[in-house]
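The sequence shown begins at 1 in our numbering and counts up by one.
Just so you know, these hints were derived from the structure itself, not from any lab. Incorrect hints may appear among the rest.
Straight-line Cα separation of at most 25 Å, BS3-like style, residue types lysine-lysine; simulated pairs [stated by the list, open to error]:
#1 K277 with K240
#2 K140 with K154
#3 K319 with K76
#4 K168 with K140
#5 K193 with K168
#6 K266 with K277
#7 K266 with K240
#8 K193 with K297
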Amino acid sequence: MRKRIPVGIAAIGLVSCTAIAGCSADLGESEKTGRPIPQIDSLDDIHAPLNQYFQNEEEESAILRARTRLAGQCLKRYDLPVQSELTDPATGMVRNPVPLFLSENDANRYGYRAPAQATPPSPSPGTVETRHRMSASERKAVDAVMNGWGNTPKQVALHRYGGRPVTKTGCLGESDARLMAHTTRPRINGGQKVTSSTQILNLILTLKSQATDRIERDARFRSMITSWASCMRNAGYAYKLPADARSAAMEMVPTKSGGASERERKLAGRDAVCQQKVNYLGVAGYLTELYQRDVVKEYRETLTSVRENLDQRVAAAQKINRGARDHDDR
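Start from the sequences and build out the full structure, keeping to the hints where you can.
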């Protein structure tokens, strides 16, 4: 039987286990395993079963190249400049199996901004740099047409530009719809078929959140976090959770160049030392594999549709990209 998965339509966000119909509060077989938890020092050593249903870097690159081309064709219809390659910095964070893990090297160099946040941020889809310098009014038009009136602040949203209507989801929505055409559609919200890749992302995040909720209720995780808090307290930091330390760091004034201050790096360094001492990555990584595996079993039918959809979108993107190369070679 297909399990009902309530997922938000527009916003990307995490929800608790209780928000998903059919989610059991029982910790299941994963709690009963007696296998010792290994010491892990690298994210590369963690297997997160749900990641196989989300695009890897190669698949993401193919999709973004195709969407760049499709969005460019859309912009041309409005006589607006074609943008350079689209990026999506959020996907790397989604793939990260233990997002609060912090290595000592990164902590001492970058604080909590390590490593990507320590460099100039990547532009988000729809607002990347174009291939020529634009005026302020042209930039506003490009952003409004790319994102659509439904995803643009009301005061700058456009419903028409250059005599053409602007759609609710803009050129980005059009590029996504082109890749989603004729694909398998996973069902959410009691049987509704998804209509966009954003809804599929929301679905993956919802299931990851369900696994995370179980991890945080596991006695082994709670014991490890208690030890981490004690380690931090011994250095004068009264934080109950690693997330609390990160939140406090966000309130710290950065350097003039936007990097981590000495105060932030000191906090992050102690956080990393305590994580290493209590085997934070080992415990969190081990339980991530166990509980994500449980979720995959529970929602196998839905996730099979998710994987089919991804394979079909990647195939469509590769076809578009081959066509673009053939065109360029002429």
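Structure versus earlier hints - violations, ascending order: As far as the earlier hints go, not one is violated by this structure.
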